[in-house]
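Peer 1: Put chain U on the given structure of chain Z with help from the hints.
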Amino acid sequence: MNIFLFEIKSSLKSTLIWILMLGIVAFGFIQVFPAFYSGSAELIKMLENYPKELLEGLDFDPNQFFTILGFYSFIAVYVQVMVAFQGFILGLQVIGRETKAHTLDFLITKPVRRSSILTMKIAAIFTILTVTNLCLFAFTLLGISITGEAFSMAGLILVSLVMFLCSIIFASIGILLGATLRKLRSIAPYALGIVTGFFILNMMKGIFDDPWIQWLSPFQFFDKFEVISTQSLDPIFLAWSCFLILAMIGVSYLIYTKKDIHAL
Amino acid sequence: MGIIETKKLTKYYGKSRGIIDVDLTIEKGEIFGFIGPNGAGKSTTIRLLLDLIKPTGGSASVFGLDCQKDYAKIHEEIGYLPSEVFYYENMKVKDLLAYSASFYKKDCSAKIKELAKRLDLDLNRKIDDLSYGNKKKVGIVQGLLHSPQLIILDEPTGGLDPLMQQTFFEILKEENRRGATVLFSSHILSEVQKICDRVAIIKDGRIIRIDTMASLTESMYLKVAMETNTEVPQDFLNGSMNNFVVNGKDVSFLYKGDTNELLAKLSKLDIVRISMSEPDLEEIFMHYYEKE
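Protein chains in written order, with the numbering used here: chain Z, 1 to 264; chain U, 1001 to 1292.
No lab work stands behind these hints: they were computed from the structure.
Just so we're clear, the structure is a prediction, and the values are computed from it rather than from any experiment.
Hints may contain errors.
Said to hold, decoys possible - Below 16 Å or equal to it, Euclidean Cα-Cα: the simulated EDC-like pairs (lysine to aspartate or glutamate) are:
| hint | chain 1 | residue 1 | chain 2 | residue 2 |
| --- | --- | --- | --- | --- |
| 1 | U | K1007 | U | D1021 |
| 2 | Z | K110 | U | D1070 |
| 3 | Z | K258 | U | D1021 |
Stated by the list, open to error - Some chain Z residues close to chain U (C-beta under 10 Å, calculated; not the full set):
| hint | residue |
| --- | --- |
| 4 | M1 |
| 5 | N2 |
| 6 | I8 |
| 7 | S10 |
| 8 | P51 |
| 9 | K52 |
| 10 | L54 |
| 11 | E98 |
| 12 | K100 |
| 13 | K110 |
| 14 | S116 |
| 15 | T119 |
| 16 | L141 |
From the three backbone atoms N, C-alpha and C, an ideal C-beta is built for every residue, glycine too.
Bound-form chain U, shown alone:
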């Protein structure tokens, strides 16, 4: 049984679609990416898992417990960082974190200090005086201070500078090595690509593909861009080509097939320069979006 399991999970807001028949299984120890554009249903799925909203149909379980009935028990081992962070007025960072820690039957003081140090967060400052990025850091600390078994992140990196994002990803990987499972929702595909083992793509409230990062990129086209003195015909690779674009001497296309065959064909051309690369997640994502 997975750490997270949903079966036909459905949510409608009145007549508006939230998510439809979402089946998801996330195994223990995974860093699982959840990608889709705004409004696709990522936050709805997460909010259902956290029992912030109630499902219209289907079921969801975390740690084998029902998300609706046993949410308080489930929350003992969940760390959650929402996309937008808000805090109570007139509180110091340390007071908010102490209040947050008071909900768990653990001494979280060492972890708070450690995370604050790594994220360069001043615990004595008033939250109202913090920048958006620093408020996000408070969110990270409050989400991780109790060393949860499941970390749920809903578009977590907004407001963090690249260096801090790097530190944040390092912390996540360490938490993962400790045994924590991570559900990472984002529409910034490059960051999902950096840390996730598996990915689910959600579109219009439905999961359209779940796969490992490796097979997702493997099964994809190779991006080829070159400058050539030879004219390249449209049927150059017998239908294994997509997105064929010729701009003077510059030619680019996506190739799916035997790489040796591609190299053999290319060797017959008078090539000035060439680059071949795997598509990034953004391109894969767009591919699935266009296909569906």
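With the rest of the complex left out, here is chain Z:
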């Protein structure tokens, strides 16, 4: 429990900043909706001249765009990138904290099993991400409520769930990397490379229309417009997401409990 509390305390400041940033972005974007809606007819006409691939790449569907949830789903791609960054950074930061600070000797020589260390750290990561996503949901709900537009609560919950799953998947990638790396100087290059890489892959799906890309990029596992229209999550990709999370965490346990911790 002490490791769990230590990690929560260590990540408290950055988590509050993330919550604030996500809240401002989500809330702020939503407040733009009435202005977009008033000029929707002209915008649809203008967008008809844009290449179809570009609009697909941007996850843009004009028919759904001019409903409040449709609009939110569009901007949610960018909020999703932010939660992915937070998830990945948190996963790598918490698991790789000792590798980065060279304090593995300190922690591993304490009377606690390595598997318990990892469990407490992962519990802290998931707790922080759950709280962040709940706050994000609250900010979004508040933003949508202020616009006075009618919306489906189930649709909003499902879209928020998609983002939560995405942040957990990226956190799992960070956890796996944190358990594997022998040296860790800076987290930012890994975050930029991996999250941005998957986001570019996400955009390529719209351009190349290759169905396999959907299996590779966590941003593509669930089409948010489809989630809203069907009011459900694709069970195959839900299972695929759970499998990836469990597999990455399982491998992290194997590596973390067996790895040699060398002298510096």
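Peer 2: Frame of chain Z; chain U shown alone:
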């Protein structure tokens, strides 16, 4: 059964040698020195005992428990001070020590205060602002705050000034009197000589000798240095002499044998001044290194 026991303990890093067939038994209440130059295998042995690294072969046990299977139980009674100390960023000394203490089922606050006072360590300072020596003091306190039964020190004195080293050795001796066993690894032989009961010498990953400090020094040569007006021949002591060096009137050599016979022979010389001393650990160490 010893507090620490290793049998044929072996570690390879890929194809590189770590340690080979290390057999070591350290008894309860000992202050055991572990000496060898950098890269000889001291830290590898310690890291295997602490389960920081996994062995390639052999076995290691501490308190009769398997170092790999029961490491969490073993760590309850181990205090460890590594050669290089690192801590988490942006933490105060007292917060780090409180975090360290939170792993043990004991109230460590009195011990923390006592050790900090003796080592002149300010608990309210940020660790990032501390000098290397003061960071080392934090390491000492965090290693001893739970009054462990086994203290493992891997080249612990780097960064400590001579006065603080003295205090540190006093603390170690007190911990030893309390019943703690100490494994003291170092390549600074004089400090091992100061406090250890027994010593193991490790070379190229293998233990080449384990002995008590007393017998290690007893079985060694006597160092003789003198200024004499008499010419001293090479066969002066019939083969009981080593490292015979003549520099004008100055003569020095190492002698192993009957001291009375040595004095009888010396009395026949016209000696201006003479000094006779036991070799220090450094010389013993070099002797074994050269011999092996």
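Peer 1: Determine which of the earlier numbered hints do not hold for this structure and return their numbers in increasing order.
Peer 2: 3, 6, 8, 9, 10, 15 and 16
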